[in-house]
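K.L.:
Sequence:
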Amino acid sequence: MRVKVCGMTQLDQVDQLENLGATFAGFIFYPKSPRYVLRHLTTNQLKKENNINKVGVFVNAGADEVLQMVDECRLHMVQLHGDETPKFCERIADYVSVVKAFRLSDNDSIEWMVRPYMDCCDMFLFDTMGVGYGGTGKKFDWTMLKNQRIGKPYFLSGGIEPNDEQALLDFAAQPEASGLFAIDINSKFETSPGVKDMASIGRFIKKLNK
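Heads up, the sequence shown is in the numbering used here, so the first residue is 14 and it goes up one at a time.
Just so you know, these hints were derived from the structure itself, not from any lab. Everything numeric in this text was worked out from a predicted model, so none of it was measured. A couple of the hints might just be wrong.
What the hints assert, rightly or not - Only pairs whose alpha carbons sit at most 30 Å apart, straight line, appear in this in silico DSS-like list of lysine-lysine:
{"hint": "1", "residue 1": "K165", "residue 2": "K100"}
{"hint": "2", "residue 1": "K219", "residue 2": "K201"}
{"hint": "3", "residue 1": "K45", "residue 2": "K201"}
{"hint": "4", "residue 1": "K45", "residue 2": "K152"}
{"hint": "5", "residue 1": "K159", "residue 2": "K223"}
{"hint": "6", "residue 1": "K201", "residue 2": "K159"}
{"hint": "7", "residue 1": "K45", "residue 2": "K100"}
{"hint": "8", "residue 1": "K165", "residue 2": "K223"}
{"hint": "9", "residue 1": "K219", "residue 2": "K61"}
Using the sequences and the accompanying hints, generate a full structural model.
P.N.:
In structure tokens form, the structure reads like this:
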């Protein structure tokens, strides 16, 4: 099972991800985030990182800013985690693969939310609704996806933590997981914001893929 480790800020930890079995490293380009990557790393350092697929996470950034960071950091994929319109996503998707994130409340209609983005995004990501933007660390209720026709590959996010491995494997066996592309982890695998517990990440990935 593919795993994306989001909120990376330490270059030595990024270098360890591939050996641990991670597929993607997520870098947050949102200045209000405690994991804002440019507070810790330069665009040139990110550009030189070639051992893992790099995902840039943006929140309501301008298109020119997003595309500039894609070029300067050689990002492989962009995750749009704000209120970006389908037209905005389409402009970015002409240049790089786009993952549109949706922050879900209990009564949201997932099919209704994703429909306008079907033709302009490559993948989706489902997370928990919270105050402000970005990950909340709150557990996502995976049963919301039951009987939903999503129609695109998706990342599963939202408070995933150590010891969730069996629950994720059980979920992956359900029909609604047919589009499950990757698991997205972040704050529950940290010793402080942006500093990961690499041993915990390694154990998690190993258990998912045993």
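K.L.:
What's the verdict on K159 and K223, does the C-alpha distance respect the 30 Å limit or exceed it?
P.N.:
With a Cα-Cα distance of about 26 Å, the restraint between K159 and K223 holds, given a limit of 30 Å.
K.L.:
Between K219 and K201, does the CA-CA distance stay at or below 30 Å?
P.N.:
Holds - the C-alpha atoms of K201 and K219 are around 17 Å apart, at most 30 Å.
K.L.:
Hinted pair, alpha-carbon criterion (30 Å max): K201, K159. Please report holds or violated.
P.N.:
holds (25 Å)
K.L.:
Hinted pair, alpha-carbon criterion (30 Å max): K165, K223. Please report holds or violated.
P.N.:
Between K165 and K223 the Cα gap is close to 26 Å, so the pair holds against 30 Å.
K.L.:
Are the Cα atoms of K45 and K100 separated by 30 Å or less?
P.N.:
holds (25 Å)
K.L.:
When you check the alpha-carbon spacing of K45 and K152, does it fall within 30 Å?
P.N.:
Within the cut-off at roughly 22 Å; holds.
K.L.:
Below or equal to 30 Å on CA atoms is what counts here, so check K219 against K61.
P.N.:
holds (27 Å)
K.L.:
Is it true that the CA of K45 sits at most 30 Å from the CA of K201?
P.N.:
Holds, because 19 Å separates the two Cα atoms, which is no more than 30 Å.
K.L.:
Would the hint linking K165 and K100 be met if the CA-CA limit is 30 Å?
P.N.:
holds (18 Å)
Hint compliance for this structure: every hint is met.
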